[in-house]
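Undergrad: Single-letter residue listing:
Number of protein chains: 2
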Amino acid sequence: MKKVVLKNYVKGKPKETDMEVLTTSAIPLKVPEASNEAAMVVKNLYLSCDPYMRLLMTKHDEPPEFSYLSEFVPGEAIRSYGVCKVIDSTYPNFKAGDYVWGITGWEEYSLITNPEIFIKINHPELPLSYYTGILGMAGFTAYLGFHEVASPKKGEYVYVSAAAGAVGQLVGQFAKLMGCYVEMLKSKFGFDDAFNYKKEANLTLALKRFFPQGIDIYFENVGGAMLDAVLVNMRVRGRIAVCGMISQYNLDNPEPVYNTMVITPKRIRVEGFFVFDHFPSYGTFEEMAVSYIKENKITYVEDIVEGLENAPGALIGLYEGRNVGKQVVVVSRE
Amino acid sequence: MKKVVLKNYVKGKPKETDMEVLTTSAIPLKVPEASNEAAMVVKNLYLSCDPYMRLLMTKHDEPPEFSYLSEFVPGEAIRSYGVCKVIDSTYPNFKAGDYVWGITGWEEYSLITNPEIFIKINHPELPLSYYTGILGMAGFTAYLGFHEVASPKKGEYVYVSAAAGAVGQLVGQFAKLMGCYVEMLKSKFGFDDAFNYKKEANLTLALKRFFPQGIDIYFENVGGAMLDAVLVNMRVRGRIAVCGMISQYNLDNPEPVYNTMVITPKRIRVEGFFVFDHFPSYGTFEEMAVSYIKENKITYVEDIVEGLENAPGALIGLYEGRNVGKQVVVVSRE
Numbered sequence: 001m002k003k004v005v006l007k008n009y010v011k012g013k014p015k016e017t018d019m020e021v022l023t024t025s026a027i028p029l030k031v032p033e034a035s036n037e038a039a040m041v042v043k044n045l046y047l048s049c050d051p052y053m054r055l056l057m058t059k060h061d062e063p064p065e066f067s068y069l070s071e072f073v074p075g076e077a078i079r080s081y082g083v084c085k086v087i088d089s090t091y092p093n094f095k096a097g098d099y100v101w102g103i104t105g106w107e108e109y110s111l112i113t114n115p116e117i118f119i120k121i122n123h124p125e126l127p128l129s130y131y132t133g134i135l136g137m138a139g140f141t142a143y144l145g146f147h148e149v150a151s152p153k154k155g156e157y158v159y160v161s162a163a164a165g166a167v168g169q170l171v172g173q174f175a176k177l178m179g180c181y182v183e184m185l186k187s188k189f190g191f192d193d194a195f196n197y198k199k200e201a202n203l204t205l206a207l208k209r210f211f212p213q214g215i216d217i218y219f220e221n222v223g224g225a226m227l228d229a230v231l232v233n234m235r236v237r238g239r240i241a242v243c244g245m246i247s248q249y250n251l252d253n254p255e256p257v258y259n260t261m262v263i264t265p266k267r268i269r270v271e272g273f274f275v276f277d278h279f280p281s282y283g284t285f286e287e288m289a290v291s292y293i294k295e296n297k298i299t300y301v302e303d304i305v306e307g308l309e310n311a312p313g314a315l316i317g318l319y320e321g322r323n324v325g326k327q328v329v330v331v332s333r334e
Numbered sequence: 001m002k003k004v005v006l007k008n009y010v011k012g013k014p015k016e017t018d019m020e021v022l023t024t025s026a027i028p029l030k031v032p033e034a035s036n037e038a039a040m041v042v043k044n045l046y047l048s049c050d051p052y053m054r055l056l057m058t059k060h061d062e063p064p065e066f067s068y069l070s071e072f073v074p075g076e077a078i079r080s081y082g083v084c085k086v087i088d089s090t091y092p093n094f095k096a097g098d099y100v101w102g103i104t105g106w107e108e109y110s111l112i113t114n115p116e117i118f119i120k121i122n123h124p125e126l127p128l129s130y131y132t133g134i135l136g137m138a139g140f141t142a143y144l145g146f147h148e149v150a151s152p153k154k155g156e157y158v159y160v161s162a163a164a165g166a167v168g169q170l171v172g173q174f175a176k177l178m179g180c181y182v183e184m185l186k187s188k189f190g191f192d193d194a195f196n197y198k199k200e201a202n203l204t205l206a207l208k209r210f211f212p213q214g215i216d217i218y219f220e221n222v223g224g225a226m227l228d229a230v231l232v233n234m235r236v237r238g239r240i241a242v243c244g245m246i247s248q249y250n251l252d253n254p255e256p257v258y259n260t261m262v263i264t265p266k267r268i269r270v271e272g273f274f275v276f277d278h279f280p281s282y283g284t285f286e287e288m289a290v291s292y293i294k295e296n297k298i299t300y301v302e303d304i305v306e307g308l309e310n311a312p313g314a315l316i317g318l319y320e321g322r323n324v325g326k327q328v329v330v331v332s333r334e
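Here the protein sequences line up with chains A and B, keeping their order.
For the record, in the first sequence the residue sitting at position 296 is 296 according to the UniProt record's numbering, with numbers rising by one throughout.
For the record, in the second sequence the residue sitting at position 120 is 120 according to the UniProt record's numbering, with numbers rising by one throughout.
Rather than coming from a laboratory, the hints here were simulated on the basis of the structure.
One or more of the hints may lead you astray.
Identical copies go unnamed one by one, so any copy, or any two together, can satisfy a pair.
Said to hold, decoys possible - No more than 30 Å apart at the CA atoms, straight line, and that leaves these computed lysine-lysine pairs for DSSO-like: (1) K43 with K120; (2) K266 with K153; (3) K13 with K266; (4) K154 with K95; (5) K120 with K294; (6) K208 with K59; (7) K266 with K59; (8) K153 with K176; (9) K153 with K30; (10) K15 with K30; (11) K120 with K208; (12) K15 with K43; (13) K266 with K15; (14) K11 with K85; (15) K11 with K30; (16) K266 with K11.
The model shown is predicted, which means the values in this text are computed figures rather than measured ones.
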């Protein structure tokens, strides 16, 4: 069985060579009889590459709130969201043959000992890979951040950074479907320009050009100098939904933010959120997104690479802005 | 008539000599008959010294949202919240003899052309000076920030910076009355230590010592390095009510904040607020605060100076941490 492991904890920018693809003996395709807890063996079909994974390549100072956010263990398979086929299960909610999504290993088959964090795929008639993105964590994140955290109103001005990524492309479309004016970073500076953007003053002016009236909602994916430039351009009573800060994940020392003083006079709300808190409302989101897809109201771009051998390169590409759309790794199509 | 004027716009730390006390001819004690708009002439009794006034000593880049937040005009009387007695009025809500509070001039008598921003004093049986503080903007600010913005729950851990100031002392008491655990900066480092606090690492550790469990609610009065240290010590789902950032008002370049990256994993909400948005709920607050005062549930400390001659020194004292409690200037006791 092939699997992708982290060789050592990473400092600074991660490289493909921080990971390696190993071939090991296969695991039994049955839940061990000795297990006291319900478990399942799954075949991994599609794996998701997400920016937050960089944070798991560094040893944490404190244990995280959710065990699946603990750092990767060097020598063991990397973990990410993925779409899986259940091969064997002692967990009553899933049976062999079901398609599910959740956090799995970067390997051909995985023994899952926390099946309760998996969600059954209700629409296998759509491409299964969509459950790594538009119907998975990325889509749900876009929905929560935009619809629930940012409380949008029709006609508002929405800015999305890292808009070529999995979440960004969806936030922009959800906002347009709601009748907001949307400007995305994608075609203007390109994701990687923004990522390396050092000239804060220019970024502030660029935003002023795109949003002469200012920004009501900022969907924050980037952080650092980008956040600083946005703060200056926010409108009164603006909201910043803080999904992540990809520009900061590879830095030993985070970039400073200088413009926090605008928060009071502009009565800005800055709010961080996590999908993990909100799974009970996943079903509502799934039905909304499935309708949008079936009615062709939404465009969804995937950047698909084939095979676990190519998974390390796909993940590293995220931090270099190489992907266009959601980065997916196919382990097996069925 | 005596009045206090700003001599010139201020750069950096303001000094007493940036202001001067002038004696000019008295104004007529009647609303001019030529006025088209309702107006009133008031006798100024008590004037409030508030940290935000530093921001009005510098020329603004953009016109502010509220005209009373436009910068002071060199040579004209400084403006602040104050308690006044109505001498003459063509505004139907107020008549001669009424006590009111609102933004007035640092002079003996003022012609008020926007009487609609004044509020009638419903409890003149209490010290009138309280309407510059506990029953005025400071108290209402403490109430809004703590009760409405921070959404406190019993037993939560509350940290108040600049707790010796007018707002800070009240937030701490409101929080205790609600059954929260409160730690204030006052006696620990003293207001002025915090103000000049340069050793961020120590501040972070000091907070960790006072709040080993972390902070649920931070009532932000200070900004800069203080905000940075607090972010590290916030608990999951913590709230930061951003009332102001006194440590930043005298700086040409604001201090950086490095720890914004905790906002997502801790799902922190940072929210700025202004009393000006909330005057419709002032009455609810006034009755709550009046009961607390009459039932002796709340301690309120005033730092009172006598006479307009001493007003510039009182205002400057705020930025040097000289005041203990609410800084008030008495122009006349009746």
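Undergrad: Could you tell me which of the hints above the structure violates, numbers in ascending order?
TA: When the structure is compared with the hints, numbers 4, 9, 10, 11, 14, 15 turn out to be violated.
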